[in-house]
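Undergrad: These are the residues of each chain, in order.
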Amino acid sequence: MNSLVIMLLIYFAGAILVYAANKFSAVLRDVIVVLAGLLPVALFFSIPAFEAFQFRIAGFDLFWDLGSLAYIFEALVVVVGAASLVYAISYMKGKKNLGYFYMNFFLSLGSMTGILMSQDLISFFIFWEIMTWSSYFIVVFNGYKTNKIGLTYIFFSALGAYAMLTAIVMINTQTGSTMWNDFFIAFAGMSSHYQLLISILFIFGFGVKAAMMPLHIWAADAYSHSPMAYTATFSGVLSKMGVYGLALVMIKLALVSNHFVFSQVIAWLGAVTAALATIYALIQKDIRKLLAYSSVAQLGYIITGIAVGTAMSFMAGIYLAVLHGLFKAALFMVAGAVEKQAGTTDMHKLRALIRKMPLTFITAMVAIIALAGIPPLGGFVGKWMLYESLIGSNHYFLVIVIFFSSTAAFLYAYRFLYGIFLGQEEEEFAHVKEAPLMMLIPMLFFTVLLIVTGTFPGIILGPVANAMNHGMGFRGVQWEMSVLTNVYGDSIHLSVISTIVVVVFIVFALFLILKGRKGTRYVTTKDIANSGEPVRPEDNYHFALDFYKPFERAMAPLYRFKMSEIYGNISDGLVSFFQFTRRLYSGNGQTYVYYVLLFIVILLVFSNQLINR
Amino acid sequence: MNDKNSQKIVDVIKNFARKHSLFVLAYGTGCGAIEIPATMTSRYDAERFGIRGAATPRQADVLLITGYLSTKTLKRVIRTYEQMQDPKYVIGFGSCTINGGMYWDSYNTIKLLDMYLPVDIYINGCMPRPEAVIEGFIGLQKLIAAGKAEGAKKYKENLDWYRANQKKVIKNWVMPDYNW
Amino acid sequence: MVISPIHYVAIPLLVAFLIPLVAKIGKNWARILPGLTLAYLNFVSVYLMTKVQETGIISESVGGWDAPVGINLVFSPLSGLLVSLITGIGFLVWLYSYQFKNVEKNESQKYFTLLLMLITGANGVILTGDIFNMFVFMEITAISAYALTAFYRHRNGAEAAFKYLLIGSLASTFMLLAIMLLYAQVGTLNMADIASKMDQVSSGMKVTIFILFLTGFGIEAEMFPLNGWAPDAYTEAPGPIGAVFASAVVKAGVYAMARVVFTLFGYGDSPVEILIIMGVITMAIAEFSAFRQEKLKRMLAYSSIGQMGLVIAAFGLGTKAGVFAALFIMVNHALIKSLLFLSGTYMVYHSKEKLIAELNGMAKELPVTAALFAFGALAIAGFPPFSGFWSKVYFLIAAADQKMVFLIIMVLLVTTVEVLYYFKVINRMYFHKPEMELEYRRPSTNALISMFVLTAVILWISFFPDTVMGYIDAAANDLVNRAGYINLVLNR
Amino acid sequence: MNIQDFINFLVYGTAIFLIIGGLYAVLTKKYLTKIVIGLSIMDAGINLLLIAIGYTYKGTAPIFSPAVEGKTVTMVDPVPQALVLTAIVIGFGVTAVALSLVIRLYRHHNTLCIDNIKNLKW
Amino acid sequence: MMGDIWMTLLGVLVTTLLAFVTGMFYMGASRKITARVQNRVGPPIYQNFLDLIKLQAKDTAIHHGWMQLLGPAFLMVSAVGSLMFIPVLNKGLFFENFTADGDIIFLLYLMVFGSLGMALGAGQTGNPNSAIGVTRGLTQMVGFEIPWVMAIVALILQYHTTNIAEILEAQHRSGVWSMFANPYAFIAALLAAFGMFRYSPFDIVGAPAELASGPVSENGGKFLGTMMSSHAVFAFVKLVLYVDLFMGGADNLVELVIKTFGLYLIPLTYGMVNPRYRTEQAVRYFYGWPTLFGIIAILYAVFY
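Residue numbers (the numbering used here), protein chains in the order written: chain A, 1 to 613; chain B, 1001 to 1180; chain C, 2001 to 2492; chain D, 3001 to 3122; chain E, 4001 to 4304.
Simulated from the structure, these hints should not be mistaken for laboratory data. Warning: the hint list may mix true and false statements.
To be verified - The calculated lysine to any residue pairs, modelled on SDA-like cross-linking and capped at a C-alpha distance of 20 Å, are:
id	chain 1	residue 1	chain 2	residue 2
1	B	1171	A	535
2	B	1014	E	4057
3	B	1014	E	4049
4	B	1153	E	4062
5	C	2295	C	2349
6	A	515	E	4062
7	C	2403	A	197
8	D	3118	D	3108
9	C	2295	D	3118
10	E	4091	E	4016
Just chain A, same shape as in the assembly (with noise of 0.2 Å):
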């Protein structure tokens, strides 16, 4: 049987057991979860390449491959996914309604599958909406409280979703043929307006995935509502959706040489979205919904990358999506250990969890370093792209609007770590424990996996080069293991500038830690001077309301601009029309009457347009 639809058995079919099992036994459920999480990713990296798969259904040709550019992507589906749902034993033991989670859980997995070997748009849209709704009704687990949120994340999913279906339709009347292939060629023969049509159709749809502005509305409150085990994977992967779609559109149609101001449009909106998104992260005190604006931004980059265009920003936003969904997956993790293991995710109560949690601290330093792009982990390599591809293709004040983002993001990098694991300690937390083992061996496999692509970024770069020669149409793009060249031909080698730091580092470590070591020894962190006022027990100092006053001050005038506020408008007028349609069912008999009348009168009147046909 084809691998690859056996890979989307697996989960769909994991879907409908672990559904099944539940009703069982809890230990059963389990053993499918882990199985059918694990069970792809030895699939995957075992079978060398993929057929393709052909059959028709409903009048349409649906057509399964697995692309060069969406091996990237699957790669990333099957190891995160695999990740949080070992993570999310552990995790999510004690709560209700297991089944249904792990249900949809699967079920996700499954339609992202579906949507990376989709060549044609038929069953790319199918699997498309599958992921929608099955990704809200994650959303939605944890009750009351997130229903509004839900709605909004489906209201925009259905909006962005129906906006692609229209394109599909559209395409599907010009060519006669559902093939994303079929559409690609046909797409240089339409008239230039159609083209900007269907162009912006699907951006819009896929942006509403990667959390583009004006349509990132949704991704904060969604991401951090969801139980952190699927958030893993919802912001990890489930957003890289919307990037793999952009990356094909803006790619494969050659938007950049065709409709430039267009993908200027896109580029600019993807680092308005990262700077915006990035202050307000910074102001957050949960550190889910950190995370969660956190992940827009991040996101916001990758939407620049690929926008611009070129060899390298191109390769700059894959590698990026990539990275993102490891360390983003790792921080979720993080929040959910803590928030599994403190009882709480709010900065304003977390204080000083380090040395109750030290392997949890290692993995969210090295992926908050991951994060911030800090030599020598990842993010720099793909931050040292993204930047040398702008620079190079005359962008630059773009580079200064995605510096000050990821300047900025310094900022809440900072205080993600300081809010939960730094600070005073408080007796409250004394009794919290690392996390449990099920949930340290997922976070330490993308902690050594951070740093392991951070020093050698070719593990990444090689199947994205390899996906631009072969599909997306660049030609001759060049990588190596761990070596980066720019435009200019300058090139910094990573393995020596890995080297260089973890020496130095080393160095003054063992200075710091070994010169007087017999005299120094731990005291807590109560004992602080304090103008000699000793810190009595029940007495915290720890210092984290309104953490960043001095920035929200500076930059008062970007705080004052809320996209929530303009949608909040906009849906109370539209929720005021809704109200005034309501009240033309008068409730009076006779009222209905004069409607009949009215519409007969109206009709009559205007009978002569209908003479005319």
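Chain A is fixed; fit chains B, C, D and E onto it per the hints.
TA: The following block gives chains B, C, D and E in isolation, referenced to the frame of chain A:
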């Protein structure tokens, strides 16, 4: 060169550096605090002796107690002193720290600081002028160079005695233990 | 006895009036007999549907007179499809109502009599080839629908029924007026015959007649602004009757409208703007109103109106693709909306106000019913891979073929609203905590079976749409092929 | 104006007057029974119109009896008459249902004013 | 091969030592100059060495956790690491270390690395003053990085390279220092440098009276000592970087000292006559003229 000699040389270097780099934590309790700015700024310029202010006890070498100490303040001073790292020195500043000065019959003022903290050197006067302050510092420097400024050691050795004295005047003794 | 289309009309009508007699023999027989009748009709459907695939159109003359003169019943792929749908859902509704509230008591005779009459009427409307006969059947449908609306003898039932009646009699007036004018022009009542003679009619008169027909059938087809009766009637009729309304009454109205537009007037060669405009307006206003509803069944009613708007717009496209999409939507809507009504009824079984707010946490108490409702909601909102999606795609493709981008965008925007309010209900069922103790009633086994059958059919269409699309395609051909219809009916 | 036209005018005029009058009642009268009466009048108007369409001047009854056999006689169109019979029956049924509903409504609402009977709205 | 490694190691050590000593003397000089401006005698120029020795000789009996231990190490990585990638003198005149990889954008990030690691160490101490100081520092950083990056982007656009050594070479080839070739970039970078050196008026991070020296308030002894030495190295790194980027580097150590010290005096003297900005004022300052100059610099580089 044996260990002892090398140790000696190292000690000399260390003491030289210590002597010329005094980070002062000025505990401005009484009227004496007004003299400190004059001492540090242009006219008397204590910085030329390597004396500069420290912001927190963690960084400080010298605890400068400028004036009378009420029993309430004493607790904070003790805490501050205990948070300083070895080697550390205490300077009693003004007559109040020696015998209570003009507060000699006050019911809640510490009369003799030495009962509670190991004072290395006193600067008398009410108030001591900046010249006197500098003189005091130079005296401390001399003691350091000679390796005789061992107040901290004394405090450690006679901790029980000091504690007993301290607890006599401080009623609500809630403090972490001093054990370095 | 030869199986012929006349059974669709004659047998249920006969049985409807037999029921009170049978009830004298045994109370239970009065409840079982309609089921047997409907089961038999389903058998007839299967038989005739296979037959019609071979022969094309089965035209049955009533009383021995041939087509232009006598009344004939036409079992074409189109009418066959709809009739099968109506009888199939009729059977499921019978199964469901077998132990339902008042139906269980002495009222069952009336209930099933009216139900059978309604199905008779709807079948008659769809099968008949005679325009006046169509009017008569429409009235039978309508009168039984009025009575069913007022079936529960509380104040709202009577009110809803009266409004329905008020507008319904207007509809009949206009219909009759139109038929009369038409007859005065062409001198025949057979639809095929009228169609062939339509050229004789002056264009002004043609349009006037068309408008009158549009109004008359539009009222039954829930077209805005003629649909004031619909939300009330759906809300106040017994739960399963809502399903019948959605699948039989309205479908009959839409069918009649389509017949008039396509066969009688032959307007279907190019897009019928008025249908498209009215369809979109109907859809938009209905879905918008549904968004703000507080009562579950009222919301479903508005949703039903919205879907009919979509169907009307699809017919208005005039192309074969449009007709195909319209029929596909009709099939899906009949099935899914029935499922929603059937499952929704049990969720507000004991509730007085039938508010959506009372559904909080209902999924805990009625997991199966709630799951079926949620499934139905997903399906009707057009979420793939469920069947609603396929029909929607075909509609969009049909619209795109006509280059009606604006229509597509409007429809999709409105659909988004639909998605929202269905998810609001799902949210309440699954993720809200009940504010008070829930009063609920578990669905009886027969009700569950009928819902499961519906679900199975919907799932079947979802995953194997090709099996149904053949029939729908034939039906669409039937409607679009005007000349073919005329020739076959008149035996030329 | 000859008699044929006059008859036509009279019949059509009456019919239209009835229809309009019925419609007027339905639209403006607040009293339910009056509305039902209006519906009935409208029905009657339509029926009259239907008859009028089938009517031929000096036509005989459309019965093929020995009296008319072999002759050319103008008959009135029989079909509208059949239609009218059906329509009358239907109108009767509708009126019956309507009146029963009116009774029901009066029992529940203690009023027959249509403006006060709008429990179901929006 | 082994010889190469030893040579590299030697180069690293010598460069670090040079940076350290120079930086310490510069810091001493800054104290002396400040004192002279204030009409004082001031400490001897080698005062900082004494401070350093004393600090390292001081006991550090306590720590608040291992992140505090590692914090200064991060700072050192940033300082020494950056030094490795910056050509101290013009090509071939000094140890080249790793200048082949001396990418300017990479350096931007590496220079931030230290402050962030230090911030983590400060956070671990549990002293609220430290955290407040950190937030101020990071906020200020968002301010001055923008004109700084604009200046750098202008340079990259002008010389079509991102490698510092090559920017240096390009200046030599053209014979014009980039501070004259693109004066706006130089001004933007210089104004940004005021923030980078954290002298007054941008010294709210460690305001001693208000925040008890901010991030370092819990650090004494070896921590403070290590930080001090890394500050010395870092000051040198920044100065050399400026000289390399804008003033055509230096041909020998004397020239280097003259140029760097001259440059060093600008923020120093600017600080002497200015009171302290609040954080948001500082950020607004950087988003005012410096950013404007940055924009002009980029436009100049593009169109000229």
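Undergrad: Against each hint, give a clear statement of whether it holds in the structure.
TA: Hints versus structure:
1. 1171/B - 535/A: Holds, at about 17 Å.
2. 1014/B - 4057/E: At roughly 6 Å apart (the allowed maximum being 20 Å), residue 4057/E and residue 1014/B satisfy the hint.
3. 1014/B - 4049/E: 12 Å, holds
4. 1153/B - 4062/E: 18 Å, holds
5. 2295/C - 2349/C: Holds: residue 2295/C and residue 2349/C sit about 13 Å apart, inside 20 Å.
6. 515/A - 4062/E: 12 Å, holds
7. 2403/C - 197/A: 13 Å, holds
8. 3118/D - 3108/D: Roughly 12 Å separates the two Cα atoms, so the pair holds.
9. 2295/C - 3118/D: 16 Å, holds
10. 4091/E - 4016/E: Holds, at roughly 18 Å.
Of the hints listed earlier, there is not a single one the structure fails to meet.
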